[in-house]
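Enquirer: Starting from two chains that each stand alone, build the complex the way the hints lay out.
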Amino acid sequence: MNTYKVLVVEDSPTMRQLIVFALKRLRGLTIVEANDGVDGLKKLTGEKFDLIITDINMPIMNGLKLVSLVRHDPSYKLVPIVIVTTEGAEEDRERALALGANEYITKPVQTTRLLEVTKRLLNLSG
Amino acid sequence: MKEEEKNTVNRAEEFLQVFKKGAEFTQELLKENERLRYQIFQLEEGSKKQSGPLSADAELLRRRVEELEQEKKEILERVLRVEEENDDFAQRYVEVETQNNMLANLYIASFQLHSTLDHREVLQIITEIVINLIGAEEFSVLVLDEKARKLQAVAAEGLELTEIPAVPVGEGIIGQAAKSGESYFIDHMEGYVRDLSNPLVCIPLKIKDHVIGVLVIYQLLSQKDRFADLDYELFTLLAGHAATAIFSSKLYSESERKLSTIQGFIDLMTK
Numbered sequence: 001m002n003t004y005k006v007l008v009v010e011d012s013p014t015m016r017q018l019i020v021f022a023l024k025r026l027r028g029l030t031i032v033e034a035n036d037g038v039d040g041l042k043k044l045t046g047e048k049f050d051l052i053i054t055d056i057n058m059p060i061m062n063g064l065k066l067v068s069l070v071r072h073d074p075s076y077k078l079v080p081i082v083i084v085t086t087e088g089a090e091e092d093r094e095r096a097l098a099l100g101a102n103e104y105i106t107k108p109v110q111t112t113r114l115l116e117v118t119k120r121l122l123n124l125s126g
Numbered sequence: 001m002k003e004e005e006k007n008t009v010n011r012a013e014e015f016l017q018v019f020k021k022g023a024e025f026t027q028e029l030l031k032e033n034e035r036l037r038y039q040i041f042q043l044e045e046g047s048k049k050q051s052g053p054l055s056a057d058a059e060l061l062r063r064r065v066e067e068l069e070q071e072k073k074e075i076l077e078r079v080l081r082v083e084e085e086n087d088d089f090a091q092r093y094v095e096v097e098t099q100n101n102m103l104a105n106l107y108i109a110s111f112q113l114h115s116t117l118d119h120r121e122v123l124q125i126i127t128e129i130v131i132n133l134i135g136a137e138e139f140s141v142l143v144l145d146e147k148a149r150k151l152q153a154v155a156a157e158g159l160e161l162t163e164i165p166a167v168p169v170g171e172g173i174i175g176q177a178a179k180s181g182e183s184y185f186i187d188h189m190e191g192y193v194r195d196l197s198n199p200l201v202c203i204p205l206k207i208k209d210h211v212i213g214v215l216v217i218y219q220l221l222s223q224k225d226r227f228a229d230l231d232y233e234l235f236t237l238l239a240g241h242a243a244t245a246i247f248s249s250k251l252y253s254e255s256e257r258k259l260s261t262i263q264g265f266i267d268l269m270t271k
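Residue numbers (the working numbering), protein chains in the order written: chain A, 1 to 126; chain B, 1 to 271.
Isolated chain B (complex conformation) (with noise of 0.2 Å):
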């Protein structure tokens, strides 16, 4: 029996011993936990003193590249602006050019026309006009005789007077156009064969309302297939001022002819 207790008290000292032994393994493994608690608080402190200033600089980095960004895009969109309006003045600077060219030639075609009263030069100046500023290489001015009411043709380009038939007024494209003073103009050039009663373009010469002969074109310049913006213009300038210097030329010459058949009887009279 003693010996039983014996051994009992034994295995419980034993127990006991390894339980104290687990109880100081414990309390070490504890220690140690809080030892790497602390070491780890220790460097998140550490990281968070040196990573500080760093997010500053990023944070301030960051918004210029913000400020860049937005300023970058303004320029882009001011660019962009500028290259429209630089697009529209070159648009304007070519339209003002158009224009500054047609002015240039109405000017010199309505002051050749009016710089003479020699009723031969203003139609040599209109066959000039019509050449050169126009394009046409067959063509003539037609002039009304108004007793035998038909356009007779006084003079041409690319063809002889002679060829070129007296229109009475009314007949055909040219007679109609006399007779209504409105322009004509073939509706497709393409494909168009010279024909002398059915010309491309009849202007009729007028005086206010008044038609005094009509321009008559039959075939432009191999290298003119259709009618600039600046024809049409010289087409209405032609229309009036061709009219009134040819007009005032002729009342001109008769004048002087008839001045000139005075003065010779006034000589004979008085001699």
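Looking at chain A on its own, in the form it has when it is part of the complex (with noise of 0.2 Å):
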């Protein structure tokens, strides 16, 4: 079976907690968490990901910068990236997808909504 790395950046610990206990719901995920965007660059470096979940609002750097270096980097260029934010204006989005993202999901996160979407953008079928 095919096993998939997914990062998820995201400052808040309840949040955090809530994704990847939804994720773990999908087999063949291997997860690993990022407080913010300067974390989740770290743990970017040297590794290989299959997906990168991140909030946009973040200390330190926040999600819409961490999705634009990530974007910049050849190795990453392709690498799905999904927003999770509060932020629901039309031109938060619009701006999110225009820097590379390519799923923008609104919270309260909807659990499916998110399974869905990581489904989708890794193929797992089921």
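Take the hints with a grain of salt, since some may be wrong.
Computed footprint of chain B on chain A; a stretch qualifies when at least three of its residues, placed anywhere within it, have a C-beta under 8 Å from a C-beta of chain B [unchecked claim]: (1) 11 to 20; (2) 86 to 93.
Under the rule of at most 30 Å between Cα atoms (straight-line distance), these lysine-lysine pairs were calculated in the BS3-like manner [what the hints assert, rightly or not]: (3) K119(A) with K43(A); (4) K119(A) with K224(B); (5) K147(B) with K250(B); (6) K258(B) with K271(B); (7) K224(B) with K24(A); (8) K224(B) with K65(A); (9) K5(A) with K42(A); (10) K24(A) with K42(A); (11) K77(A) with K42(A).
One side only, chain B facing chain A, incomplete, derived with CB under 8 Å [claimed, not checked]: (12) V96; (13) I108; (14) A109; (15) S222; (16) K224; (17) D225.
Honestly, the hints are just simulated from the structure, not real lab data. We put the CB at the ideal spot given by N, CA and C, even for glycine.
Expert: In structure tokens form, the structure reads like this:
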């Protein structure tokens, strides 16, 4: 069975736990957690990830900066990125997608939606 | 006279001749009729002999068609039943998924609330739950000052703590919620304008029947226009678990402080 590596970048431990708990229901995922954008970049260095899930509003480095940096790195140019955020305005969504995010999910997170997006981006069946 | 008799005989003979010919013709017609009837009979017999096996096949085929029609009808009925069952299963699957998600959220919220005894951390976790799981943009947590019988804001999101006035128990919507221990939900959320004395939601934080504070929500995130079933479950969870977490963390930090003071005093005495 294929295994996929997913990076979850979220400063709120509660939200991070919720995302990780939900993703653990999908088989074949290895989940790595990061507290903010900088921590996320550190975890990305030298590792191969199949999916990045990130919040926008985080201390030190926000999610949009992270998306921008990741998209400029040739080794992560094609890795799918999912934004999970409280920012529900259309311009925020457009900005995130323009920077290179693949999906934009607003909080409060519907776990079913997060799982559906993850399965689709990783081409997981079931 | 003789001439007349002779004429009469001649005419009688002629008539007899015509009559004989008529009789012969009739005989011939009867014979022809008999011959044709016989032919018809033969043809009918031949036809019966030829069409007999064909009818039996047709009858067999007709029966088979009937059987197949019946089978088709039964299969269609079964397909219909299976489709109905499928719909039922799909609906149940969605319900179970929703329940699973709800339980997961409640588990995470409860787990996080009781993961620390640090008072600030507990308030931070309550804030995270209300933002991330409920989807509130502006809210505050007010804790009851038992001596002053007033509710004081100890945590807030989207507002400064200083903006939130202290609320005497029993006064206004928030004070009443603290006094009665009953949750308050605004009747109509449409067109609501944030008002600190008239919030969207007030959830008394209770340990059994003892209210220790109130969670007050003034504004939801723009993408959230109404509360879902999960929100009410979370409110119920927060009402009990957040209260216990706040209370125990407060007791713990007080006892820590006292312990530190006593330790300092002992150190001073023994040195």
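Enquirer: Indicate, hint by hint, whether the structure satisfies it.
Expert: The hints, checked one at a time:
no.	hint	verdict
1	11 to 20	holds (count 6)
2	86 to 93	holds (count 3)
3	K119(A) with K43(A)	holds, 22 Å
4	K119(A) with K224(B)	holds, 25 Å
5	K147(B) with K250(B)	holds, 16 Å
6	K258(B) with K271(B)	holds, 20 Å
7	K224(B) with K24(A)	holds, 27 Å
8	K224(B) with K65(A)	holds, 26 Å
9	K5(A) with K42(A)	holds, 15 Å
10	K24(A) with K42(A)	holds, 23 Å
11	K77(A) with K42(A)	holds, 17 Å
12	V96	violated, 11 Å
13	I108	holds, 5 Å
14	A109	holds, 7 Å
15	S222	holds, 5 Å
16	K224	holds, 7 Å
17	D225	violated, 11 Å
In this structure, the hints that do not hold are numbers 12, 17, in rising order.
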